[in-house]
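**Q** Same order as they appear, the protein sequences are chains G and P. Numbering-wise (my numbering), the first sequence opens with residue 1 and increments by one. Numbering-wise (my numbering), the second sequence opens with residue 1 and increments by one.
If you are wondering where the hints come from, they were derived from the structure by calculation, not from laboratory data. Be a bit skeptical, because a hint or two may be false.
Said to hold, decoys possible - Chain G is faced by these chain P residues, among others (derived, beta-carbon under 10 angstroms):
id, residue
1, Asp-17
2, Thr-54
3, Glu-745
These numbers come from a predicted model, not from an experiment. Where is the CB? At the ideal position from N, CA and C, for every residue including glycine.
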Amino acid sequence: MPVKRVDDQIELLQGTLDLLILRTLRLGPAHGHAIAKSIERGSDDVLQVEQGSLYPALHRLIKRGWITFGEGTSENNRRAKFYRLTRRGRKQLEIETSRWDKLARAIARILRPAAGVKG
Amino acid sequence: MMRSKRALDGLDQDIRDHIERETQDNLDRGMAPEEARRQAMLRFGNAALVKEDTRAVWVWRSLDEVRQDVRYTLRTLRRNSGFTAVVVLTLAVGIGATTAIYSVVDTVLLQPLPFADSDRLVRVIENVPPFAAGRPAWERGMTYQEFLEWRTRTRTLSDIVAIATSLGFVRTGDGTARLWGSATSATAFTVLGARAMLGRTLVPSDEGNPDIVVLSFGTWRRLFHSDPEVVGETIEFLSAERAGRRLTVVGVLPADFAFPTGEAEFFTPLIPDDASKRRASIMLMARLRPDVTLDGAIQEAAIIGSAVAPPVRADAPPMTVPRFDVQRLKDRAVNELRPALRVFLAAVAVVLMIVCANVANLLLARGTARQRELAVRFAIGASRGRVARQVLTECLVLAIVGGALGALLGAAGLTLVKELTSIEAPGIFRLSLSASILPRVNEVGIDLKMFGIAFTLAALASLAFGGLPALHLSRLNHLQAMGPRGGGAGRAASRIRAALVVGQLVMATVLLVGAGLLIHSFGKLTAVDRGYDPSNVLAFQLVFPPDYPIARKTETIEAVLARLRAIPNVEAAGFTRAGMHIGEQITIGTFVPEGRTLEEMRAYPAWPSLRPVSRGFLTAMRVPVLDGRELEAADFEASTPAIVISRTVARQFGTGSQVGRVVDWHVGKQPAVQLRVVGVVEDLRNTSPAREPYPEVFIDYRQLLALQQRWGDSALWQNERAIGLLSFAIRTRSDPESAIPAVGEIVRSVDPNAGIDAILPMDRLVASSVARPRFYAVMLGVFAGVAGLLAAIGIYGVLAYAVTQRTQEIGVRMALGAQRAQILALVLRTGVILTAVGIALGLVGAAVGTRVLQGMLFGITPLDLKTFLTVPLMFGLVATFACYVPARRATKVDPMVALRSE
Chain G
1 MPVKRVDDQI ELLQGTLDLL ILRTLRLGPA HGHAIAKSIE RGSDDVLQVE QGSLYPALHR
61 LIKRGWITFG EGTSENNRRA KFYRLTRRGR KQLEIETSRW DKLARAIARI LRPAAGVKG
Chain P
1 MMRSKRALDG LDQDIRDHIE RETQDNLDRG MAPEEARRQA MLRFGNAALV KEDTRAVWVW
61 RSLDEVRQDV RYTLRTLRRN SGFTAVVVLT LAVGIGATTA IYSVVDTVLL QPLPFADSDR
121 LVRVIENVPP FAAGRPAWER GMTYQEFLEW RTRTRTLSDI VAIATSLGFV RTGDGTARLW
181 GSATSATAFT VLGARAMLGR TLVPSDEGNP DIVVLSFGTW RRLFHSDPEV VGETIEFLSA
241 ERAGRRLTVV GVLPADFAFP TGEAEFFTPL IPDDASKRRA SIMLMARLRP DVTLDGAIQE
301 AAIIGSAVAP PVRADAPPMT VPRFDVQRLK DRAVNELRPA LRVFLAAVAV VLMIVCANVA
361 NLLLARGTAR QRELAVRFAI GASRGRVARQ VLTECLVLAI VGGALGALLG AAGLTLVKEL
421 TSIEAPGIFR LSLSASILPR VNEVGIDLKM FGIAFTLAAL ASLAFGGLPA LHLSRLNHLQ
481 AMGPRGGGAG RAASRIRAAL VVGQLVMATV LLVGAGLLIH SFGKLTAVDR GYDPSNVLAF
541 QLVFPPDYPI ARKTETIEAV LARLRAIPNV EAAGFTRAGM HIGEQITIGT FVPEGRTLEE
601 MRAYPAWPSL RPVSRGFLTA MRVPVLDGRE LEAADFEAST PAIVISRTVA RQFGTGSQVG
661 RVVDWHVGKQ PAVQLRVVGV VEDLRNTSPA REPYPEVFID YRQLLALQQR WGDSALWQNE
721 RAIGLLSFAI RTRSDPESAI PAVGEIVRSV DPNAGIDAIL PMDRLVASSV ARPRFYAVML
781 GVFAGVAGLL AAIGIYGVLA YAVTQRTQEI GVRMALGAQR AQILALVLRT GVILTAVGIA
841 LGLVGAAVGT RVLQGMLFGI TPLDLKTFLT VPLMFGLVAT FACYVPARRA TKVDPMVALR
901 SE
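Please build the complete structure, drawing on both the sequences and the hints.
**A** Below you can see the structure in the form of structure tokens.
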């Protein structure tokens, strides 16, 4: 859903953003901007999130009970909403990660049958 | 819900902070402040859309957005209050009218009678040829012997029950009261599966029990003042033949119980001994056997009937109906009404179609006009779903408000129908006029199923046509839609709208012509000269104890008349054997004026009937005296009894003045009696003005009694022929109703045993006698009026919209020198063409469609030229006026403003 295609940056697959947010939040609570930055940096800027699209995704995750939020103070001493993983979110992250791995392996096998890919 | 509120709380702030942080990052990377902010915003994307999408996440959990949509909708609708009012009212009228009428039709025509297996309940009918050609056949009852024969022979009917009308006289606080009851086989209630409210109904073991009675709810209230302990009490039924019978009340029927063969105020077991003595008056009610069809039963009835019933006289005029028939009880009640109710149902369906077309039309126009607004909303980032939801919310809000109002309107309409169909008919008039022209109308409640259907149709029409422009738009290039001409949707929509308007005009014209015919026919009906003047006449009926000797009755009648004439407010008072609107006629013997023969007079198809009256009756009724005079007091003394004859009788007697002519009256085997004509009066239309008047001969009732005594008639026979239903008419100088207390007082003081059966102003009886055609005319008139109005609104809407769309073109034309008259003609032409096409097609439809009204019209044909000319002319004027309003607005266009509006 989030879109931004600049040269060698790639579009995110449906649902991938949710996974990335969950993964980011495993490292600890963060506010929206920090999450976006973390995703971009973590992928060496290959994945470009249209930052706005983060918010519907965050709310979707809140609604599902995978993350929650609280008021906090940011690094430069400003109040901000901090999002953190819930226990259900943690479990969901494991499920999503293993599902993603399976999917990635499967696709890789189809694309390069000779090489084979190790999990 | 709370979670969503908390999460969404401060979303704006979050987004602002986010962009600020990004800006700071960019600044840190060394960008110029302005560029840093621009890049941050670019990176973030469309903030409005983000907010929208974020809120959308919560939509199915929260009503926030729905509430927001509704709030927005209400605001928009308030701003366009004219549009809103028209759509809501249109919907309300359509839904309300459809629901009310369908509810009535459903109960009256479709719902089974409230009895066990009631669709198989039937009655056997024997039709007997009329005495004279051209008059309707009448139904003859069976004798008890015939009933027994039928019961033994039939193989198609089961649960066979005999029902006979019976009269009961009881004493009340207000003198004697007459009750109309039914003597039935004791199994009648078991067959119907009917229950009592108090005590019990008749049960099979009551067969032939002469000592018990079951009361109707009304009788229980009237005679026992709703005493809950009434079971076991006794009532004395007065009787002419023997000393009073004391009957024990065994039960009271519920308020909503109506015996399927006709109302009755009490029920007693039929006593075979009495019944076999009585004349043929039994009705056979039964149930079709499970494997038998109605046709099968009818075929059998013809065979059994011709074997059992006495043969008809050889010279009888032919009948248009079969001699023996079997009829479903339900059909009997509604056969007469069925065509009218079907017409109403069709009319209401047409109104609903017009309503849908109108709503579609209005919404389509609005949708097209809103294209720019919607396009702007798309452009600033509203999602497709969001806009669609907004438009649909608007349609739904309109439909719901219209539906709610429609439900209220439907309930009000139902009350109106009940009001229009219930008529004032106390006492005896209940039998002749019946309490309501719609049977079972009191059972009618709003039919929720139909309300649902009408509401759904209207809602669908508004959703479909309200949503269409929005859907169309969402596929368009937004810039194109925002452009000056509002995109391409306009022209297609215009064509649909023109078609809708023509359709409306066609349907409305058909309805208007139909209503015009009924109204015209009703006008003719009420314009008929009834032969008397019902205004300022008070009509009432007395009841005497049945064991009164004839002499006592005449004494009382004369004393009452004398006292009535003495009331200062009373101009004239008179007595008549059977009053107006009772519809009972007796024909006794043949009247042969001197110079004519018995055979000649018997050859006339309509034999004059005899109306015994007192002097003053014709004066009180203001029957125009055409020749000679009314009966006078002195006539009673004359040795040759005086008679007054009606116009038709005078014509039968011969040409020239009939006054002074001597008439031989041949009655049975008696020697002819000489009578002298003293006057000729106008024909009296005794019942409905649609019926041909009976030829009538008026005679002083006391002279008839004297003749009967000479002939040796029994007291019963004297009473039946000369005194009968004891009707009085008094002409008052002011409001006849004000004389009611005085009449009551006089009757009480002259004879406390006499009771008043019915008392009311004559003109209300007259109104009741045309209640049915009036009901038809009002109903169809209302539908047609609504349809016409809606169609006018429809064409107004189309033109008003076209004018708005063409403002610029009109401006250009005017700038180039077009005159206002030319502009007016330009706009009017479109409207007038649509109107002309619609009305012309409508007339074709009406010519075909109004044939269904055939049976409901009096004095005109379904293709009545006057109606077919005036209705389209008037409707055309209204429609043209509806076109004129927007056309005139077009001429007010200021060219400069119009040209600048781009």
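**Q** Indicate, hint by hint, whether the structure satisfies it.
**A** For each hint, the structure was consulted:
Of the supplied interface hints, the one on P:Asp-17 holds, with its beta-carbon coming within about 6 angstroms of a beta-carbon of chain G, less than 10 angstroms. Nearest Cβ of chain G to the Cβ of P:Thr-54: about 5 angstroms, under the 10 angstroms cut. The hint holds. Given hint, P:Glu-745 at the interface with chain G, is violated; its Cβ is 84 angstroms from that chain's nearest Cβ, farther than 10 angstroms.
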